[in-house]
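Colleague: One-letter residues, chain by chain:
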Amino acid sequence: MSRRVFPALALALLLAGCRGPVEGLEGDYECERVDTGPARLTLRPDGGGALCVGAEEAPFRWEARGNGVVLLHTRQGGVIKVRLGAGALELDMPGTGGMTFRKTVK
Amino acid sequence: MEGGTGYSAVGPDDVGQDMRLELERKRLGMRVLLETAQELSGILQPRKIVETFLLTAMGPVGARCGVAVLARPAACEGMVLSRGLPAAEAEALEQRLPEICDAYFPYRDLDGDFQVSKIRAIQRDQAGGDSLLPRGMDILYCFTVDEEHCGLLALGPLLAGGGTALHQDAADLLQSLLYILMGALRGALAVSSIRQLSVDLGRKNDRLTETLAASQTAQRRLDRRVHQLAAINELAGELAHLHEVRKVLDSFLLTMLGAFSVSSGLALVLDRAGRGVDLAIRGAPDTGLSGFAAADVLVYKAFAATGARSVAPLTVEPVAAAADALAGCGLAFEPACALFFALDREVQGVLVLGETLSGEALEEEDAQMLRAQVATLLGYVQGARRLSTITALNDGLVRQNEELTRTVAELTEARQTIALLERAGERVRAFLHAEGLRSRRFSWLDCGVILLASMLLGFLFNLASPNGVPLVPGHLSRPPAHSITAQKARELQQSEGAVIVDARPQAFFEQRRVRGAVSLTPALFDMVYIMRFAKLPLSTPLIVYGGNISRRWDEDVAARLLAREHERVMVIDDGLSAWVARGYPVEP
Amino acid sequence: MRRGLWRDALGRWLALGFRIYLGGVFVYASVYKIGYAAEFAETIASYQIVPALAVNAVALALPWLELICGAMLVAGVRVRTVSAILAGLLAVFCLAVALNLLRETPIDCGCFHSLEERMTWMTVVRDLIWLGMAVHVFFFDSPLALEGRYQSKLKEIAP
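Residue numbers (the working numbering), protein chains in the order written: chain E, 41 to 146; chain D, 214 to 801; chain U, 444 to 602.
This is chain E alone, in the form it adopts within the complex (with noise of 0.2 Å):
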């Protein structure tokens, strides 16, 4: 009995740590701060997203956790968490202040 407990338990824990993107948060987010200039947030509904300014674009990976926070995780193994607040993303970046994104209506 217990051959067979201890497999699926160590599965159950492994599995734990592993939760996917929320749905619903996917979409493009637009936050029109005067300083900064108009900057565009992506969720993308695989994991993935982006940050863009102009031309440029900032890759990241997404991933919602409990209590209405997302974490950006950057390739270089950076973090910034974002609320989720009235329909709107509160981005804490470093150095910049907080952000607001709101979601575009299509």
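Calculated directly from the structure, the hints in this document are not laboratory data. Glycine included, every Cβ here is placed at the ideal spot set by N, Cα and C. Treat the hints with care, since some could be wrong.
Straight line, CA to CA, 30 Å or less: simulated DSSO-like cross-link-like pairs of lysine-lysine [to be verified]:
#	chain 1	residue 1	chain 2	residue 2
1	D	748	E	121
2	E	121	E	143
3	D	417	D	460
4	E	143	D	748
5	D	331	D	239
Far from chain E, by Cβ distances over 10 Å, these chain U residues were calculated [to be verified]:
#	residue
6	451
7	454
8	548
Residues from chain E shown here face chain U by an in silico Cβ test under 8 Å; the list is partial [as the list claims (entries may be wrong)]:
#	residue
9	113
10	115
11	116
12	117
13	119
Assemble the complex: chain E is given as a structure, and chains D and U must be docked to it using the hints.
Modeller: Okay, now just chains D and U, sitting in the frame of chain E:
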């Protein structure tokens, strides 16, 4: 020829005359004898001799009539010749031969033997047969020619004197004549007997020739028999070496065809239990008799034709009227002789022989012999069948033996394999036991293995992952950026408005930083740069700081800024600590 | 009898609980680090202990070591060796955290995720508790171990 007329007493004067007369008479006598001898010598027939003699003898004696008899008293046959007698009397005399024999040749009274060459002068009155001879024949002489033949000479009344007594000289002469006669007769009789013997010999010779022919025929038969027997003898030697029924049959058939001079034949053995047919056929093609059904029909017809009611084991029966009985059996030749034989109730057979080369039917003896040979064949066939059975059994035994040997070998191999497996199992068990014991203990080996596995898995996963990190930090493989002292940095900040960039993580930046520094970590470089540095002129001096023994963030950021074509990017030696050591302002 | 029961409960069954808990913790901790190796490398770099050349290698290997050891501990395979390794790791973590606390380095623990709360002395205590659990597991056989069953089977085969 003058008779003995001068015999009388004479005086002394006449002595010379007498002597002359005497001599003359003697000479005359001698001449008569000589002539008689000459005459008789050329004649071979006894009758003629006797006739001539009678004529010759009557003259000198001076008899008027004469009878001569030559007879075989034992057989009461002979001849009676007469001269000077009337024909009727002569004929009657011839009729009285047996009586004459009885009367004058009384051999029975004697010892049974005639006295050869004996001449007896018989007085007429002494003899019992007075009435047999005519009157006047008083001079009687009996003589024996040989052991069988006797003779009688009777001379009738003498011319001179008419007396019956004979002169001494005449008697002597007569006796001498008789001797000559006897000699002549003997010769003639011998000749005739030789002739008779020759005839007999010829007859016997014929008989011998016939017998010889018969014996040659018999010889031929014997030869044939010997040939047959020799062939059969060879067959026996040959059959003794044959172990197959078919070969036995073939050899037997060939020998039988040769021995009995038959051009074609067939020998067949049918095994009803095994539904097998062994067929040998010679001088004719096989017309499907090797098939069981056709062979069965043939054997059954042969059996039916034997007239036997049941099949007795080891019997041979001739098939009566083979041609009719076996008609319609598909034989390719005309059967002349057939024999049905049975080994037992199940195994039966038939021998069929065609016409002989000479076209004659087989003789009874041949048929008997054939039958005897077939009986012999039965023994060989049975022997061959038993041998084949034994061979089959033996083969089976050999096969079983081989299988047994193989099985034993396999078993041995299996046992070895089992032993090997047991040993292997023992070792595995011992290994597992040792492993089990080891699992309860701390093991450096396990430690090493786990560490190695972790590293291997980590590196492999990193290679495969799209978010992999370089194994070696980037700054070690790049030329270091232009470095300046904290003092120089301060000067540039104040004189040229250089932007001081803090490359350390956010927490470090928030804890303590150069006053006026901007946070730009390599981790968030792209995002922060496009938000804050994208609009910065490329000529603006950028002074980067922040690093420790684990990471040179300043070098990383400087490299990236240079990559974005900023013209003046510098790194502060010793970073924040040098800045602080100089007493330059920091915040918070 | 009661003492035996207590000893059993405090020994074997407690060891089982520790084993599963500790194994689970390490497996859970490893998963995020494996997925975001670059972030873990940054965390290690923040500790300022590991030399620059080894930072990325440690960041790649350490999560897998945690995963393997955690899984083996839960399954009950080579429990002693694994608990010894984990105890060693925990000891190193304690030292590292304590050192950086003394240095007043403003960093997160990085034990499970990035962007956690700052590390405190409580982190050291927590790690020490886990270390104690590992030591307990090292010294006490626990039931429901895969190798234990395997051992009993082996005994059945080879009396």
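Colleague: Are residue 119 of chain E and chain U close enough, Cβ to Cβ, to be under 8 Å, as the hint says?
Modeller: holds, 4 Å
Colleague: Holds or violated: residue 417 of chain D and residue 460 of chain D, Cα atoms, limit 30 Å.
Modeller: Violated, at roughly 55 Å.
Colleague: Using Cβ atoms only, decide whether residue 117 of chain E comes closer than 8 Å to chain U, and label the hint accordingly.
Modeller: Holds - the Cβ of residue 117 of chain E comes within 8 Å of chain U, reaching about 3 Å at its closest.
Colleague: For the hint on residue 113 of chain E, does the least C-beta distance to chain U fall short of 8 Å?
Modeller: This interface hint holds because 6 Å falls under the 8 Å limit.
Colleague: Can you confirm whether the C-alpha distance between residue 121 of chain E and residue 143 of chain E stays at or below 30 Å?
Modeller: With a Cα-Cα distance of about 17 Å, the restraint between residue 121 of chain E and residue 143 of chain E holds, given a limit of 30 Å.
Colleague: Going by Cβ atoms only, is residue 115 of chain E closer than 8 Å to chain U?
Modeller: holds, 7 Å
Colleague: Going straight from one Cα to the other, do residue 748 of chain D and residue 121 of chain E come out at no more than 30 Å?
Modeller: Answer holds: residue 748 of chain D to residue 121 of chain E is near 25 Å, not above 30 Å.
Colleague: Check the hint pairing residue 331 of chain D with residue 239 of chain D against an upper bound of 30 Å on the C-alpha distance.
Modeller: It holds: about 23 Å lies between the C-alpha atoms, which stays within 30 Å.
Colleague: Quick one, are residue 143 of chain E and residue 748 of chain D close enough, alpha carbons at most 30 Å?
Modeller: holds, 26 Å
Colleague: Can we trust that residue 548 of chain U is non-interface, i.e. its beta-carbon lies farther than 10 Å from all of chain E?
Modeller: Since the minimum Cβ distance to chain E is about 18 Å, residue 548 of chain U lies beyond 10 Å and the statement holds.
Colleague: Using Cβ atoms and 10 Å as the threshold, tell me whether residue 454 of chain U really stays out of contact range of chain E.
Modeller: holds, 19 Å
Colleague: Can residue 116 of chain E be said to touch chain U, with a Cβ gap under 8 Å?
Modeller: holds, 6 Å
Of the numbered hints given earlier, the model fails hint 3 alone.
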